[in-house]
Amino acid sequence: MERLATAPASVGELAELLPISRPAVSQHLRVLQQQGLVSHRSAGTRNIYRLEADGLATLRHWIDDIWSTAFDHYVEYATTHSEETSS
Amino acid sequence: MTATSSIAPLVKTATVPCPPERAFDLFTQQISAWWPLATHSVGLSPDCRVEMDGRVGGHITETLPDGATTSWGTLTAWEPPSRVAFTWHPGRDPDEATEVQVVFKPAADSGTVVTLVHGGWSARPDGAAARRNYEAGWDPVLTRLRSAAGVPTR
Chain A
1 MERLATAPAS
11 VGELAELLPI
21 SRPAVSQHLR
31 VLQQQGLVSH
41 RSAGTRNIYR
51 LEADGLATLR
61 HWIDDIWSTA
71 FDHYVEYATT
81 HSEETSS
Chain B
88 MTATSSIAPL
98 VKTATVPCPP
108 ERAFDLFTQQ
118 ISAWWPLATH
128 SVGLSPDCRV
138 EMDGRVGGHI
148 TETLPDGATT
158 SWGTLTAWEP
168 PSRVAFTWHP
178 GRDPDEATEV
188 QVVFKPAADS
198 GTVVTLVHGG
208 WSARPDGAAA
218 RRNYEAGWDP
228 VLTRLRSAAG
238 VPTR
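As they're listed, the protein sequences go chains A and B. Counting from 1, position 60 in the first sequence corresponds to residue 60 in my numbering; the numbering is continuous, with no gaps. Counting from 1, position 80 in the second sequence corresponds to residue 167 in my numbering; the numbering is continuous, with no gaps.
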């Protein structure tokens, strides 16, 4: 996202900068797009991603949602595993 | 910096139906069992694992499906069964960490009130540069928020 803040970029351009594979970059970008943080357009065979200008408020909610989701998972797990002995 | 300190901590609280010892153990030693690894990890795979080394200075370590490891943060408090705190920087450098604290308090009927606070955005050391970038646009805000989020986006 730092890179996208500079200018729109293709998946390949982003993958070159990152220690993860191109499919992983695409997967991250799909998650970000589902959350409304980035958008993309097709240019030939390439997908060009850019930041969504009004995504900041969304991003703040998204951040809350991450720990909220994880915490909810924990509460659910603790509720269903409350009787088991510790491993 | 106002840009960072204006971001209020996230506070989550819930009551779980087991004593603090059990609640603490589940949170710290069985993270992989409940953490949504498929959507909230560096590897973005349910085949990732995450483990917490239960001591001050110990790491929270994600192991990717290919065996590579990455640290999510470092424990700054280890007080079973009442409190654990750690720095939080999945996918980021440690000096860009935010802070998470989880407190376990006994509740009625052998339950436990678990409170999680995620804050520390204002502790970021890159104030001047961040401010400069902030004025320039999205960059530092997104960087901080991404770091705070714990979901790597790079």
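Heads up, some of the hints might be wrong.
Cross-link-like lysine to any residue pairs, in silico, SDA-like; alpha carbons within 20 angstroms at most [unchecked claim]:
1. B:Lys99 <-> A:Ile66
2. B:Lys192 <-> A:Ile66
3. B:Lys99 <-> A:Thr69
4. B:Lys192 <-> A:Asp72
No wet-lab data here; the hints were simulated from the structure.
For this session: Mind listing which of the numbered hints don't hold for this structure, in increasing order?
Result: 2
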